[in-house]
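J.: Please put together the full structure from these sequences, using the hints given.
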Amino acid sequence: MEKSRQVQYLVTLCVSLAFVCLGMLSAWPTPVLSKFHDNETSVDITDNGISWMLSMKPIGFILGSFATRFTSDNLGRRATILGSAIPIAIGMLIVAFAKNAWLLGIMTLLWSFGTGMLSTVIGIYLAEIADTEIRGTLSLCTRFTFHLGNLLIMCIGPFVSYETINYLMLPLPFVYFAACWWIPESPYFHLKEGKVDAARRQLVKLKCCKDEKELDNLLSSKQADVNKEMERSSSTKELFTGRQYRKALIISAGLKATQILTGSVTIKEYLGPICRESNIPKYHERTVLLVFGAVTFVVGIMSTMLVDRVGRRPLLIYSYFVTGLSLVVVGAYFFLQDVIRVNHDFLAIFGFIPFLAILIANIVSTIGFNSLVSVIPAEIFPLNVKAVAMTSLNVFGGVLGFLVAKCYQNVKDLVGLTAVFWIFGTVGIVGGFFTYFVVPETKGKNLREIQLMLEGDYTAVKLNQDAVNCQVNEEVPLEEVNMNIEVKK
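Here the working numbering is used: the first residue of the sequence shown is 5, the next is one more, and so on.
It cannot be assumed that every hint is accurate.
[Claimed, not checked] In the DSSO-like style, the derived pairs of lysine-lysine whose C-alpha atoms are separated by at most 27 Å in a straight line are:
#, residue 1, residue 2
1, K410, K39
2, K410, K286
3, K196, K209
[Claimed, not checked] Label pairs and their calculated CB-CB ranges:
#, residue 1, residue 2, range
4, A182, F354, 46 to 56 Å
5, F437, L407, 21 to 31 Å
6, E197, D417, 51 to 61 Å
7, F74, L407, 25 to 35 Å
8, V399, L174, 25 to 35 Å
Hints were generated in silico from the structure; no laboratory data involved. These numbers come from a predicted model, not from an experiment. Glycine included, each C-beta is placed from N, C-alpha and C at the ideal position.
T.: Now the structure itself:
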């Protein structure tokens, strides 16, 4: 069996190169912002210009996600993966030679457009080509390489010049374009297009299978999946007007809002300047970024392993509360420094506290809500509205991300870092209470049980679990199981 999956592993390795690129793009601002503030670049950019540059990321991501819905269904998954390299490559060329600040805004827009395309299509592509038994492993591979890209830029960026960072990153989109050139198209796409022979050829490549009977069975199974998906597809209007989706929408939107408004992304991007304002010497700043990158890498890998071993609710609740309290501590430090004006020399002794608190917040948020906010909606929405719901949540998150990125500098200039971190911390604590009172536990439950929980019918959930166990143990037909549940209710 493993031999028949060699091509699937190799394909995953190729697309994982794209995630190394995405990881480096994601972490690029962290070492670079300090260089902007120290005038170590050829670009003259103000704090307002930096905030505009960073606020282009969520906008580009939204546009890229929308573009993927069109290209992946009309041109194919493979073409979308290859096409994502084009805006990223153009952005690389711009940043390598740009002298004007406004060009960096265009660069960020292009990078995030390509990121939105890749992030959306890779999940679809791997789910469609991978055997069920190894799907989780392949997803873990892409997550690992994303965090590896983060680590590389955090390790290299602080120690080399701005120009060197950009030149080192320049080949990345060309490398993953070349690596992904040979990957096969998804058989699902060909079946949607009615090209059964093409789907068969791709299955032969992916499964290393030449047995005609086995291929016929695989094609029949996948064709049935495609038919079900096309029958179940629903509109955005149905998602927002259907009462049965209201609870799922509230849960998903609440989790997405609290995730974005805790400022995880913005804090990471501004980490260098924040550390400098907390009296960490400039010569220690490089070490701080290196430690942050290494810890994030390790925790990012751990988070994938913990999500399926620990319940969703405990991870969400504890991560929100610990993140919120940690950020409140950071705000308290800046309150003592900027408002109370405690003796500078005395406070400098405790200059490591903001970084330590931010590091703790990053660890628990990565293990908790930052990993789960995309998992929960995928589990609680029915199949017929799942694609529309996930796209709508991406748009909602992108709008909030734009507001946080743009307003961070304005709020900091107006009322200081104290207010910024207390706002972020308060949102984290609110997220903990929201999860405690609203979000159900979904671990180990099927879609039917989750839908019953959202309706508040926990008795029916128990009956469903008992009936399914009965089916498994006694081989009772599924139709009889469902009939028993209805009778008992």
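J.: Work down the list of hints and note, for each, if the structure agrees.
T.: Here is how each hint holds up against the structure:
1. A hinted pair counts as satisfied when its Cα atoms are at most 27 Å apart, and K410 with K39 qualifies at roughly 20 Å.
2. Taking the CA atoms of K410 and K286, the gap is near 26 Å; set against the 27 Å cutoff, the hint holds.
3. Simply put, K196 and K209 have alpha-carbon atoms about 19 Å apart, close enough for the 27 Å limit, and the pair holds.
4. Distance hint check: the CB atoms of A182 and F354 are about 50 Å apart, consistent with the given range 46 to 56 Å.
5. For F437 and L407, the hinted distance range of 21 to 31 Å is satisfied, since their beta carbons lie about 22 Å from each other.
6. Checked against the hint of 51 to 61 Å, the C-beta distance between E197 and D417 comes to roughly 53 Å, which is consistent with it.
7. For F74 and L407, the Cβ-Cβ distance of about 26 Å falls inside the hinted range of 25 to 35 Å, so the restraint holds.
8. Between V399 and L174 the CB atoms are about 31 Å apart, so this pair conforms to the stated range of 25 to 35 Å.
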